[in-house]
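K.L.:
Listed here are the chains, written in short residue letters.
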Amino acid sequence: MNIFIIAFAFLASLISFLLPSQKVVRRIGGIFAAVNFAAVLILVWPYLSGAQRVFDGGWWLIDSFSALMLLLVSFLYLAAALVSNRYLKHEHEEGIISDKKVKLYFSLLHLFALSMLVVLLANNTLLLWIALEMTTLSSVFLVGFYKQKSSIEAAWKYVIICSTGITLGLIGILFFSYGAGLASGGLATIFSLSALIAQAATIPAAIAKIAFVFIFVGFGVKVGLVPMYSWLPDAHSKAPSPISAFFSGILLNVALYVIIRFQVLTNAVIGNSQWTTTLFLVFGLASVLLPVFMMITQKNYKRLLAYSSIEHMGLILLALSVPPLGIIAAIIHMIGHTLAKSSLFFGAGEILIAYKTTSIDKVRNLFKNIPRTGLLFVLGILVIIGLPPTALFISEYTMFAALIKAHLGIALLVFAALSAIAFAMLRLTIMMTLPDSSAPVMPKEKWNITHVVMISEIILVVLLSFWISSPSGMNFINSIARNLI
Amino acid sequence: MILNQIFATILQTILILLLAPFAVGLTRFLKARFQGRRGPSPFLPYFALATMFRREMVISKSTSWVFRAAPFVVFASSLALALMLPLVFRFGIFGSLGDFLVISGIVMLGSIFLVFGGMDAASAFGGMGSSREMTLAALSETSLILIFATLSFVNKSFQVDNLFGAQSVVAHPYLLLSMFAFVLISLAENARYPVDNPATHLELTMVHEAMTIEYSGRYLALLEYASALKLTAFLILIANFLFPALSSANLSLVGILLALLFTILKVSVLCAVLAFFESVFVKMRFYRMNEYLSLAFFVALFGLIVTLSVIGLNFDYATIWAALAIFFVVFLFGRVRLNSILRYYALSSIAIAGMAYNLALSSEPTEALHLWIFAGITIAIKVILVPLIIRTAERRQKLTANLQSFLRPASSYFLAIILLLVIYCALHRSAVEGIIAWSNMIYVAVVLSVLGLATMIVHRNVFSQIIGLFIVENGIAVFILATVKSLPLLLELGIFAVVALSAVILSILSSQIREQYGSTDTENLRNLTE
Chain A
1 MNIFIIAFAF
11 LASLISFLLP
21 SQKVVRRIGG
31 IFAAVNFAAV
41 LILVWPYLSG
51 AQRVFDGGWW
61 LIDSFSALML
71 LLVSFLYLAA
81 ALVSNRYLKH
91 EHEEGIISDK
101 KVKLYFSLLH
111 LFALSMLVVL
121 LANNTLLLWI
131 ALEMTTLSSV
141 FLVGFYKQKS
151 SIEAAWKYVI
161 ICSTGITLGL
171 IGILFFSYGA
181 GLASGGLATI
191 FSLSALIAQA
201 ATIPAAIAKI
211 AFVFIFVGFG
221 VKVGLVPMYS
231 WLPDAHSKAP
241 SPISAFFSGI
251 LLNVALYVII
261 RFQVLTNAVI
271 GNSQWTTTLF
281 LVFGLASVLL
291 PVFMMITQKN
301 YKRLLAYSSI
311 EHMGLILLAL
321 SVPPLGIIAA
331 IIHMIGHTLA
341 KSSLFFGAGE
351 ILIAYKTTSI
361 DKVRNLFKNI
371 PRTGLLFVLG
381 ILVIIGLPPT
391 ALFISEYTMF
401 AALIKAHLGI
411 ALLVFAALSA
421 IAFAMLRLTI
431 MMTLPDSSAP
441 VMPKEKWNIT
451 HVVMISEIIL
461 VVLLSFWISS
471 PSGMNFINSI
481 ARNLI
Chain B
486 MILNQIFATI
496 LQTILILLLA
506 PFAVGLTRFL
516 KARFQGRRGP
526 SPFLPYFALA
536 TMFRREMVIS
546 KSTSWVFRAA
556 PFVVFASSLA
566 LALMLPLVFR
576 FGIFGSLGDF
586 LVISGIVMLG
596 SIFLVFGGMD
606 AASAFGGMGS
616 SREMTLAALS
626 ETSLILIFAT
636 LSFVNKSFQV
646 DNLFGAQSVV
656 AHPYLLLSMF
666 AFVLISLAEN
676 ARYPVDNPAT
686 HLELTMVHEA
696 MTIEYSGRYL
706 ALLEYASALK
716 LTAFLILIAN
726 FLFPALSSAN
736 LSLVGILLAL
746 LFTILKVSVL
756 CAVLAFFESV
766 FVKMRFYRMN
776 EYLSLAFFVA
786 LFGLIVTLSV
796 IGLNFDYATI
806 WAALAIFFVV
816 FLFGRVRLNS
826 ILRYYALSSI
836 AIAGMAYNLA
846 LSSEPTEALH
856 LWIFAGITIA
866 IKVILVPLII
876 RTAERRQKLT
886 ANLQSFLRPA
896 SSYFLAIILL
906 LVIYCALHRS
916 AVEGIIAWSN
926 MIYVAVVLSV
936 LGLATMIVHR
946 NVFSQIIGLF
956 IVENGIAVFI
966 LATVKSLPLL
976 LELGIFAVVA
986 LSAVILSILS
996 SQIREQYGST
1006 DTENLRNLTE
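Chains as they are written, first to last, in the numbering used here: chain A, 1 to 485; chain B, 486 to 1015.
Read the hints as simulated data drawn from the structure, not as lab findings.
Glycine included, C-beta positions come from ideal geometry on N, C-alpha and C.
Be aware that a few hints might be false.
Said to hold, decoys possible - Part of the chain B face toward chain A, derived, beta carbon under 7 angstroms:
1) V969
2) V983
3) L986
4) V989
5) I990
6) L994
7) Q997
To be verified - Computed footprint of chain A on chain B; a stretch qualifies when at least three of its residues, placed anywhere within it, have a C-beta under 8 angstroms from a C-beta of chain A:
8) 764-777
9) 931-944
Between the sequences and the hints, there should be enough to build the whole structure, so can you do that?
P.N.:
Structure below.
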């Protein structure tokens, strides 16, 4: 099944590139993504429902954690493909982009999704590395899509910083293989993630530590952790909005997934999780604190959302630093953040289409001009700052429960930071809704596919909070968390 | 024995004295031929010198005794070289005086008096030439001492007789580095291309000719003769690196004759090489002299380091490849022209392929096959394909290929050396901690990664950043060799494919940057800063 998924996505990319008509390419993009979603669902259902625990077939590895991430990727892939259809149609009609660029966009979009799926499926560490590097290479031209000064600059920063980071991560992967090779040797086992965990006891702890530092710092660049985040706000604010949603919603999670996989391995080698969680705590705290200062004075709503992504990655790291309860919080947070943040970026795309600017100062009268997008955007903001009843509220609540017990001072600091961020986001959003007589009056907004996607995501986040509180939901999250301890 | 030594020294000195004008004449003659002219007879300098000795001298009234003493001191210093160096015979009567510091001192003495003579007449050109000569001398003398120090370490002796006498290059191939540095220094010392043009009196460029411009008649003849002697001595010394002089003891008459003929042959061949070199290369601007001489200095220093580590530690060819891989990247670090940066990147990649090849020789068959494939693909992709892609991107943009750097070349080299030392200490420390055993390859891997990152930071051009990224990647390739030796074939191909793909994507992006910004300076990429 996974071969089919990979081949299909590759085929989709190829077809999108070769088809003559941009209209067809746009429309079948959604179909491709839907087929992919169905295939992934069939593939991962046994692992999610608990029927099967783990699939370890040499090159491939699927357990309930990667199954969940696979599902999120293909869901967001579907959402992004649907929204891209409308978004690019509009851009094409405005004459901003040519036929060729539309085809390139969809071709790269399929390739980008494909490489993320391979990262999640891979058991071979080198294959995983290649796929992770491919996520960067395939999305460079999506970031620099508009060929303006600023978007080229963002693409440049993105590819140089991320490639360097991922290249450093390779050193960490090789260190693990070297450590395993000291005892057993043999090319078959030292590059296999599951085999490495099985023979964790033979890897020297000192090597595992230095390897994990390389992996954490290297792939942490891709997660956008402070202080390696500098590419992130630029890339998120300059990419087309569906791509921003894809980036923020799932790319960061995928990179974090890799780090978590190796964290599990490192913990198995060292024998406890003390060492890795300290690392997570420090970087997580920094990633929550720095965005506070950037968000309070923010003038660009897409950058505001980008900094919010950094903050949420920090929160997930903080949650992971207080196992075992924190791991449950982290998983819920990953799901919630994927849904909520992508919905916000889709909304930002609609605002951008309507107002043709990303500056907060120039967006006024949101409710009057584009009432549907405005309402959903504000709802999304409320979700992302963690108001109940949403999944993000539950995850943050759980995280604080664990964090207060472990580190009271840090918990209070994080609490203050989150309050400041909530204030900043609300203040800026309310400014966008303020009436302003000088603002241009826009044609009446029609209901479109973006709104469908946004509202379904927001409803999903809310419903999820109820389901997770129920016994079956608890069981589900627990079964995933068991893989990460 | 004593008689024999004295005889040998006399014979050598006479031969050098006779040969010197011929060497200069032959070089001029061959150079003319290479450039398609007929050229004067190679024996012309004899007549020129004889004529000058008979000419009347014109000496400015404003000169002092220094002006009149200088030609004699300069000539004496050159003559001393002919007397003391092992040019035709080893162990001449003055051989035991020939400590290498003494020789360097004698060379320096000649230069200093030439400078005094140039300044004494207080003419504008003399002073200018003198100031230039001192700049060059100050930069080249250190390298000369480094080269001698390397040789003395190999031969365990301070006597120049032993340094150049023994045939050490074959036994110690890394001495080729010192030899290369010595060639560079010899060109500078003898005022040849690319440092000085011996054929013109152009006020903007001349160095040696500017200092002798106030001299005439006999004194000028002495100075010209001295410089011819010095050139001959240096040419023979270079040749003696490969074909050392014979010992003067117990030589038959035929042996002596052969030695003399052989010396003439050496001088002729090297004159031809020099003439060819001067026809192919151009003179460098004086302000680029620091690059040229720092190149000589670092080659000499590197030769010394390699020598020390090879003789002090265990010696194998892997060390040489490792050293070369680092060496070329250090060079690259100080360069500003894209072409030379790409060249050094390719050379460094060749060294990495060499490391893989070397490892393959000592591995079991299946692994050896992997390593051979690794070496082959490395050459195909990193030596040929990646530079080609980047060059194409550059050509298409019609770029003047100067890449801005925050540091001047000299400070770049300084930074690189500091980094090398710091990494060396850090790795030895970590070897003590027991994380990973010290080996040359690990050192290369870390050095390449760090220098690659430093290139990305120090150079402010998109192309330099691309190359920096690839140097980091090279470091990791070496790291693969050092830790797990070989990867599964399919994945190895995958990683190489990623490298090639990155090159394509980065060059497309760089041309887009060029389109949008009109330059490739990364200083311009500062719009997004909120």
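K.L.:
Taking the hints in turn, state whether each one holds.
P.N.:
Do the hints match the structure? See the list:
1. V969: Because about 5 angstroms separates V969/B from the closest Cβ in chain A, which is inside the 7 angstroms limit, the hint holds.
2. V983: Constraint on V983/B satisfied, holds at 5 angstroms.
3. L986: holds (6 angstroms)
4. V989: violated (9 angstroms)
5. I990: holds (6 angstroms)
6. L994: Holds. Min distance 6 angstroms.
7. Q997: Check passed: Cβ of Q997/B comes within 5 angstroms of chain A, closer than 7 angstroms.
8. 764-777: With 0 residues close enough to chain A, the hint is violated.
9. 931-944: holds (count 3)
Checked against the numbered hints given earlier, the structure breaks hints 4 and 8 and satisfies all the rest.
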